[in-house]
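As you go down the protein sequences, you meet chains G and A in turn. The first sequence begins at 1 in this note's numbering and counts up one residue at a time. The second sequence begins at 1 in this note's numbering and counts up one residue at a time.
Don't read these hints as lab results, they were simulated from the structure. Any given hint might turn out to be false.
[Unchecked claim] In silico BS3-like cross-links for lysine-lysine, where the CA-CA straight-line distance does not exceed 25 Å: (1) G:150 / G:87; (2) A:106 / G:74; (3) G:317 / A:236; (4) A:227 / G:287; (5) A:149 / A:58; (6) A:223 / G:287.
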Amino acid sequence: MSLLIFADNHNGHFPKHARELISYGRRMAEDLNTQTIVLVTGALSDEELLLPGKYGAHRVLVADDPRFEVLDHKLYTALIEQVVSEKGVTHLLFSYSPAGKALAPLAAARLQAGYVSAVTGLPENYDPFTVRKMIFSGKVFASVEISTEKKVITLAPNAWKEEILGEAVEPEKVSFAGLPQPVTDRLSLERHEGRIMLTDADIVISGGRGMQNAENFRLLEELAGLLGGAVACTRPVSDEGWRPPEEHAGQTGKIIAPDLYFAFGISGAIQHLAGVSGSKVIAAVNKDPDAPIFEAADYGIVGDALEVLPRLIEEVKKRKAARNR
Amino acid sequence: MEIVILLSVVPDTTVRVRLTEEGLPELSQVPLVINPWDELALTRALELKEDPASGVEKVTVLHAGPATHDAVLRKALAMGAGEAVRIDRDPQDAWEAATLLAEYLKEHAYDLVLAGVESSDYNGAATGLLTAGLADIPSVAAVSYVEVKEGEILFTRDLEGGREQVRMDAPVLAVVQKGIAREPRMPSMRGIMMARRMPITVVTPAQSKPLTRTVRFEMPPPKPPCKMVPADEPEKILDLLEQEAKVIRF
Ligand SMILES: Cc1cc2nc3c(=O)[nH]c(=O)nc-3n(C[C@H](O)[C@H](O)[C@H](O)COP(=O)(O)OP(=O)(O)OC[C@H]3O[C@@H](n4cnc5c(N)ncnc54)[C@H](O)[C@@H]3O)c2cc1C
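Sequences and hints are given; from them, build the entire structure.
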């Protein structure tokens with residue numbers, strides 16, 4: 001028995017969800033009285049490779065080769081299958097990230113293992129293995145039992161906090177000589193550089209149609225900049241082209257779960273809330289006291305976002321200046 | 001070229017979900033619809049079929065479910081699908097659905113299979129790629145656009161913090177998400193009339209069993225009411241967020 005954690009490599013770094021997944025896996029391994037093995041692909045600096053051990057990995061396996069640059073499902077699934085058979089892996093953990101969401105079910109199919117996506121915490125029970133997840137887009141909790149010997153899960157965004165649980169360990173190289181040739185041919189790549197990734201952000205400042213135009217989103221950018229957060233929006237806002245589509249949160253957009261979700265001029269439609277209801281704290285400014293967002297929010301202001309925002313920005317500036325004095 | 005859409009039928013859960021006294025989701029009064037993601041996938045497939053340059057000749061929807069789902073499959077026909085195939089078993093989890101779909105795909109010809117990223121009821125995000133794995137079809141996921149040009153299949157795939165364009169040979173299964181089509185297609189009056197007369201191909205299911213089981217449903221605890229801050233003193237919300245909620249720092 002052992003537990004395999006597939007840690008995403010995002011441009012040479014472990015993203016927040018990968019670090020959280022490692023800590024989560026360590027806790028599960030302690031309950032199961034077993035070892036955590038972290039598998040990572042592609043290039044990472046020596047310094048970055050010290051992190052998995054600190055977050056809880058007992059062993060770190062690295063498959064560093066240019067062919068892992070593109071996520072080819074066959075290649076990656078074969079690599080995971082190889083590690084599972086060599087190391088006697090019984091529990092496979094992935095992030096609920098684009099890569100994790102793809103590889104977890106593919107690995108489950110190869111291993112004839114039961115799969116549950118986006119679990120919200122440690123198992124409720126290990127025998128039978130029972131995990132909890134949200135269904136109906138966040139409206140109901142379901143406890144799901146996996147009946148197979150091998151188990152595959154993805155961890156919901158921000159369901160676990162990263163913790164320092166161990167010491168750096170020496171990474172080991174994995175052989176990939178027998179793996180199949182990739183069949184995914186990359187033609188072009190476009191990166192959104194220089195911004196805090198929305199799914200990584202602890203603070204998200206978000207705007208809806210109530211912001212009235214693209215220009216007014218400057219205010220949200222400014223507040224986000226001051227608080228160290230990222231900007232998000234509702235679907236009509238990205239449909240209008242006021243904001244880029246990758247900022248749209250909700251059932252059909254990004255699922256995010258920051259510590260603070262601060263909504264300005266957002267009505268709080270059920271499809272929007274489906275993407276943000278995992279946030280620890282929701283604050284909202286809306287001029288309509290009956291807006292449904294206030295049913296989901298913890299703190300609220302009934303007022304005009306365009307009047308409230310400049311005052312909040314001024315106040316944050318003032319308080320930051322006072323702290324720095 | 002032939003496109004197959006893996007189609008899931010779901011309760012329209014934009015309405016509120018309640019639990020029955022036995023603790024099961026109360027869905028008997030909720031209308032059934034095509035899973036929104038699959039509806040967008042079908043819309044895109046139909047757009048491709050209408051584009052002569054794509055070489056797409058046929059669009060089939062494939063569903064595993066009971067006869068009570070036929071009315072929903074008829075909507076897919078009314079939208080423009082050329083054939084609707086129903087594997088006659090109500091699968092109990094994604095594994096069972098994928099087993100049934102994969103067994104069908106192994107026996108039939110197709111070039112491109114499209115599956116929505118998740119179903120809007122159980123949010124399993126599993127059936128598409130479990131099917132690819134079980135049928136051993138090359139796959140690609142997080143696809144936000146697909147183009148077919150003279151037999152070449154091009155996918156736009158979303159990455160964390162970016163996107164890329166990839167080319168893959170047929171046959172291939174793609175899990176599609178936001179962006180694949182803008183609005184679901186509305187069936188035309190003519191489409192609805194034609195669909196009434198079209199048969200639904202019913203297939204005997206292969207052997208299958210679920211690997212997971214939902215043992216309990218629970219409503220999330222009610223949230224305490226929203227604390228309101230007066231609009232003439234908006235700065236107070238910063239105090240609450242800093243000192244009470246402890247989610248911001250200056
Ligand atoms: C299948 C489906 C999927 C969907 N998926 C998503 C999704 O993923 N994400 C998503 O966001 N939406 C999604 N939607 C759309 C969703 O139903 C709502 O239409 C959308 O979220 C509303 O966006 P909004 O809050 O920006 O706009 P509106 O609903 O128009 O709300 C604007 C709000 O701003 C307030 N307001 C106006 N002016 C001001 C002001 N000056 N100051 C303060 N407040 C002001 C108003 O009171 C109002 O509450 C989906 C819909 C469908 C059918």
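Run through the hints listed earlier and report the numbers of any the structure violates, in increasing order. Per hint list: zero violations.
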